[in-house]
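Produce the entire structure from the sequences given, and follow the hints as far as they go.
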Amino acid sequence: MKSLRFALIFIGAVGVVVGLLMLTVIFSSEREEVPVIDAFLTLVPSWSFIGTGLFAWWRRPNNRTGMLMVLVGFTWLLVPLQLSDSPALFGVSMFTSNISWVMLAYLLLAFPAGRLESPWHRWLMLGFVLDAVVLVALTGVFSGPELETWDCSDCPKNPVSIWESPDLARLFDSMAAIGGVILLVILVVVLVRRYRSLGSVNRSAIRPVLSVGALTVLLIGVLISTQALDLSDTITQVVFVITVGLISAIPFAFLVGLLRSRFSAAGAVSELISTLGDTKTQELDIRGALAEALSDESLEFLYWLPDREQFVDGTGRVAELPEKGSGRSWTPAEHDGELIAAITYDDSLGDDRQQIKATGSAAALALRNQRLEAELRANVEELRASRTRIVQTSDRARRELERNLHDGAQQHLVSMALTLRMAQSKIDEDPDAAKELLGQASADLAEATTELRELARGIHPAVLTDRGLGAALGALATRSSVPVELGEVPEDRLPPPVESAAYFVVAEALTNVARYSQATRADVSVQMENGHALIEVKDNGVGGADINGGTGLRGLQDRVAALDGTLTITSISNVGTTIRAELPCVQ
Amino acid sequence: MKKVLVVDDHPAFRASARRLLESEGYAVVGEAGDGAGALTAVRELVPDLVLLDVQLPDIDGFEIAERINASANDHGPGIVLVSSRDRTDFGPLLDGAAVLGFISKAELTGEALSELLR
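Same order as they appear, the protein sequences are chains U and X. Letter 168 of the first sequence, counting from 1, is numbered 168 in our numbering, and no numbers are missing. Letter 96 of the second sequence, counting from 1, is numbered 96 in our numbering, and no numbers are missing.
FYI, nobody ran anything at the bench for these hints, they're computed from the structure. No incorrect hints appear here.
Per the computed footprint, the stretches of chain U lying under chain X, defined by three or more beta-carbons under 8 Å from a beta-carbon of chain X, are: (1) 402-410; (2) 414-420.
To give a feel for the contact side, a few chain X residues facing chain U, derived at Cβ under 8 Å: (3) 10; (4) 13; (5) 16; (6) 17; (7) 19; (8) 23; (9) 84; (10) 105; (11) 106; (12) 108; (13) 109.
No farther apart than 27 Å at their CA atoms in a straight line, the calculated lysine-lysine pairs in the DSS-like style are these: (14) U:324 - U:357; (15) U:426 - X:2; (16) X:3 - U:426.
Cβ atoms here follow ideal geometry from the backbone N, Cα and C, with glycine treated the same way.
Next comes the structure, spelled out in structure tokens:
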């Protein structure tokens, strides 16, 4: 920061010296009748631009607007070279006298970001350079040694006269005038559209500069027209003085805009950063302070939870980063290279990105604490969601159970009751028919028994309770319609909740294999590792399993999570699906 | 001989009911597996009695009974609701239904039907 300050002071000093040198050019000119006015018209706008530009450059070194303002000031200082009696300096002025207008157009076009935002703007700037520098210089080149077309009898001899052709010179002169008016109209349109597209944060900042700038551009157009139409010198001079006055006002308008919002914002942000560097940052409402400093109430922190690989907001809800074109941007807040959070904000704060990032990094330690809170809230939120899902799953299971009983065993029993009653009524008069009916009732009873057995197994398999996981998984493998290779399974009994969860993970996984995978085989294993049971079911099917695809896998995840375990699914297209559950075995 | 339509989504019950009713002297003129089928069959077969299951896959038995009564202008068939559930499972719904009565499926007999038709 110190070296920047010295550099800016040096540039300022150069500005003063060049200004004074130009005063000597103006006052020594034999063609200048009222040198005081010219001195005024040179120094006031140029020093205004340089002074305010240096101030802006110092306060916001990452924004090139300040530098551009300084350049406008310096190029404006070159204008009096055309009054010089020295042919060499006069020759230079033929190329430089209009650069200040080009720079001014660039500044307006690049404001407030300090850079041209689209290729279309670059083409417009190329137009300005061709018109105001190249065409004007060509006019000089073809005007002949005495500069007939310039109507300047007392000018020094034209040092850049290469080929005298007054017609060509007049043609280039007219082209420059017409082109200038067209380009200025385009610039005004671009500025108006730019203003309309800005968010409220930037509007108040740039309203003054764009108002004065647009008015100035219009007056420059009028000035070119009055010169082209050969109106009276008085009118031209009046318009010129008003124009110069307005140009001098532009840097101040810029300053007013900055003071209105951005400088206070920049100051507040700097202050915030130094506060964050002090102490007790955890007690500070960092979001609120930064939002206020940048005048963006929508500013928000999204905390990165590396274990979940998700962002969550302050309330712990899962959140997505803003997408391009959504009107919002984001900047990472990192600590020692570790991503802590993302700061999301209105797009209009784009050029404050570095400051936002600096604030985020300064606040990273405090943000880590806030991230812990957000993570806790996220866990609570997840717990709440999982509790709701468990209740829903339980309700669904009850409904299914009722439906299965009603549609299955109950129907067979009803049918059996009717058949037995008919058999009873026929037993005397038609024993054969009664015998047949009894046979049918017996079949109904067998069906009902099978249905009930299946149902009971689905609720909780007795073999699991009686004989443990190995026997229960063996039974599952036997019943599976897809061939199952049962690998390692611990011989020792595991805690009942773990056995239960492991059994249902394998049961659900094998049901999915049979229903969806089109696999020709599946491998099941349960291994003990560091006090954890690792359950794995792997198939060679078509893949495409998704935990959010249905209620089955989601229910398993909740069941596993309830035991502080984790469930992961790897499903690769045409390779297969692997479901892994890791369950801590606390006795 | 009274013409009966049996409406139930379980084929096993429809078959048992048909056997029982026919052995009791009723003529089972048709069967339907859902509410829409029942409404069509009532229009086409014009039965004297509809043995109507309460729980059907599309429309429930109470609703079908209302529709049959509404379209028949008091000249419709008698309707007897049946279910494998107990009468108490339906509470006041049964009292408000415009049907001859309710018989639990397991207690369905010709005698029970005659009681309701009397």
